[in-house]
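Novice: Single-letter residue listing:
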Amino acid sequence: MASNSETSVAAAWGGRIGQLVLSLFALIAVTFVIGRLLPTDPVGAIVGELASPEAYAAMRERLGLDQPVVVQFGRYIWNLLHGDLGVAALTGRPVTEDLALAFPATLELATLAVIISFVLGVPLGLAAALNRDSWIDQFARIISLVGHSIPVFWFGIVGLVIFYAGLGWVGGPGRVDVYFEGLVPSVTGMILIDTLLAGETEIFWNALSHIILPALMLAYAAMAYITRMTRAFTLEQIGQDYVTAAKAKGASPARLLFRHILPNISVQLVTILAISYGGLLEGAVVTEIVFSWPGLGQYMTSALLIGDMNAVLASTIMIGVVFMTLNFLSDIAYSMLDPRTQEKR
Amino acid sequence: MNGTTLSRPRPMANAWGTLHSFFGELRREPLGFIGLMLIVALILVAILAPWIAPYSPSRQSLSEVLQPPSVAHWMGTDEFGRDILSRLIWGAQITMRTVLSVTAIVGPIGLLIGVTAGYFGGRVDAVLMRITDIVLSFPSLILALAFAAALGAGLGTAIIAISLTAWPPIARLARAEALIVRNTDYVAAARLYGASNLRLLTLYIAPMCIPSVVVRLTLNMATITLTAASLGFLGLGAQPPMPEWGAMISAGRRFMLDQWWVAVMPGFAILFTSLAFNVVGDALRDVLDPRHTKN
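Taken in order, these protein sequences are the chains called R and L.
Note that the numbering used here has the first sequence beginning at 1, numbered continuously upward.
Note that the numbering used here has the second sequence beginning at 1001, numbered continuously upward.
What the hints contain is simulated information worked out from the structure, not anything from laboratory work.
Careful: at least some of the hints might be erroneous.
Have a look at the derived ranges for each label pair, beta carbon to beta carbon [what the hints assert, rightly or not]:
(1) L:Phe1268 - R:Gly92: 48 to 56 Å
(2) R:Pro53 - L:Asp1258: 53 to 61 Å
(3) L:Ser1063 - R:Val321: 50 to 58 Å
(4) L:Asn1183 - R:Ala245: 33 to 41 Å
Source: prediction; values computed, not measured.
Note that CB positions come from ideal geometry on N, CA and C, so glycine has one too.
Throw the hints in and build the complete structure from the sequences for me.
Specialist: Here is the structure:
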C-alpha cells in the first residue's frame, strides 16, 4: 500500500511539473508568435528605407530572418535559455540587465501588498464567517464586492488625491523624495532593505511613506479575494461534525478557532496566498504607472508606447514565469501539506 | 413516439421559468435587484446617449477648460473644455460594445470547446483541457497587453486581446456540465434512436449547459470591463478622442492633484459598472445554481 501511494505521489508531481514545463513552453511560443505579428518590418526599421537590396538582405541574414520559422523558434528558445533577451531600444541596454533592475522594485511592492492583504483579509474573513449575517459579515461582503470591482489604477489616483495632495500623510509618486534619490547603494534592489542595510533610517522612513500607499491600494483587490475565500473555507469547517463535537465538549470560541478551524483551513490559505501573489504582480503593472514606481510595469508600458517589442515580450515572459511558478508552488503546497489530498489518490 | 418515450427537456422553456423565478428571488435580494437596475440603466444610457447627453462629447470650449463640477457641468470639464458627464454617457456605448463583443466571442468558443471535450472524453478531452489549462495559467492582462502592443492599439485589438485569454473558464464550466448531461437518460434515448454526434451535441447537450455558462459570462463581464479600462488607461484600447473611460482617466492623470474630477469621475463609471455586473452575477448564481446557494 505504502509503495503504491508513493508512486502515485511521484506521478502526481511528475504530472504537475510536466504541466508547468508545457505551460512555460506555450508562453514562450505565444511570445514568439506575438513577435512575428508585428506589422512593422524589423529589417527595414534597422537599415532604413533607402538601403540597397544587398544591405537589406545582409541585415536580414544577420537577424536570422532568412531561416525557416522552426529554426528561428529554436534559436529564440536557445537565446532565452542563455539569458539573452536582446537589446531594449528603450534603454539601449540588454533587456536582461533592465529586468534585473526593475524586478526587485515590483517584487518589493507586491510582497508588501501580499502581506497587508493577508494580515487584513484573513481576520476579516474569519470574523465574517464566525458572525454570519451580522453587520461585520455584511461589511466584509461589501468590502470584498467593491474590491472585486474597483479599477486598481483609478483607486491609486484617488488615494494620491486624498492622502498625498489632500492630507499630506504619505509620500508622493516615486520610491523616495527627490533629494534622497541615489543616496543608498543598491544591494538587493529593494529600497526598504537597502536603506536598512546602509543604516539610513531617515531614508528608510521616507521610503516607507512612499511605498505604503501603492502597497495598500494594490493590496485591496487581493484582500477582497482573500476575505471572500477565508469566509467560505471557514463556513465549510463550521458545518462539520468535529466542530459541533468540540462545541459540545465545551470548547471556548477562541479554542475552537485556533485549535480546530485554523489548522484545518491553513493549507487552503497557503494556496490562495500564492495565487494572490501572482495576481498582485499583474496588478502591480498598472499601479506602478500611477505611482511612477520604477518596476516591471513601468518598464513594460514605457516599452509598449514606443513599440519596443524585445522589452515588452521579455517582461511578459518574466511576469509569466513568476506567475506560473507561483501557481505551481501553490498546487504543490496544497498536495504536500494536506494529507487528505494524498489519501484520495 | 408515444407517451412512454423520453423527450428532450426544453431548455428555453426552462430558461423562461428560471427567469421568472429569478425575478421573484431578486425581490428578496435587494442588492442583486439594484445591480440589475444599474445594468438596465447603463444599457439605456448607452442607447439613448445622443438624446440624453447634455453636450456633444467632442465639443471643445476653450473658455471652459478644467471647470470644477457645477450646475452647467455636473461633473466638470476636461482640459479641452469638454463636458465630462456627456463623455461618460457616450463612453457607456464603448464599454457596452466591448463587453458584449467579448462575451459574444468568448461564450460560443468556450461552450464549443467545453462541450466537445466533455462529450467525447478520452483523448479529445485530454488535449482540449490541457490547452485550456495552459491558457488559464497565463497572466491574462499581461498577455492582452503584449497582443495589443503587437497588433496596434485600438478598440478592435483590445476586444480580440481580451477574448484570447477569457474563454478558458467558460470551457471548463461547459465541460463539467457536459460530463453530467451526457449520461442522462434522454441522451441515451436519443442515441438509441440514431441521433448523430453533431445532433446530440448541438440539440441535446449544449443547450443544457447554457444556463451556467450565462452565469459565468455575467460574472466575467465585470472582469472584461476592468481589463478593457486597464488597456484604455495604458493607451492600448480605444484611442482618444473617443470617450473611453480608462483613456479618460489616463488623460486626467496629469491634472489629478489640482483638478481631481477629470481623472476621478470616469473611475466611478467603471466602478459602478463592474460592481453591477458582479452583484447580478452573484445573484444569478444563487438562483440558477443550487449547488452554490448560500447554505
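Novice: Evaluate each hint against the coordinates.
Specialist: Each hint tested on the structure:
1. L:Phe1268 - R:Gly92: 48 to 56 Å: violated, 42 Å
2. R:Pro53 - L:Asp1258: 53 to 61 Å: holds, 56 Å
3. L:Ser1063 - R:Val321: 50 to 58 Å: holds, 53 Å
4. L:Asn1183 - R:Ala245: 33 to 41 Å: holds, 37 Å
Taken one by one, the earlier hints fail for this structure only at number 1.
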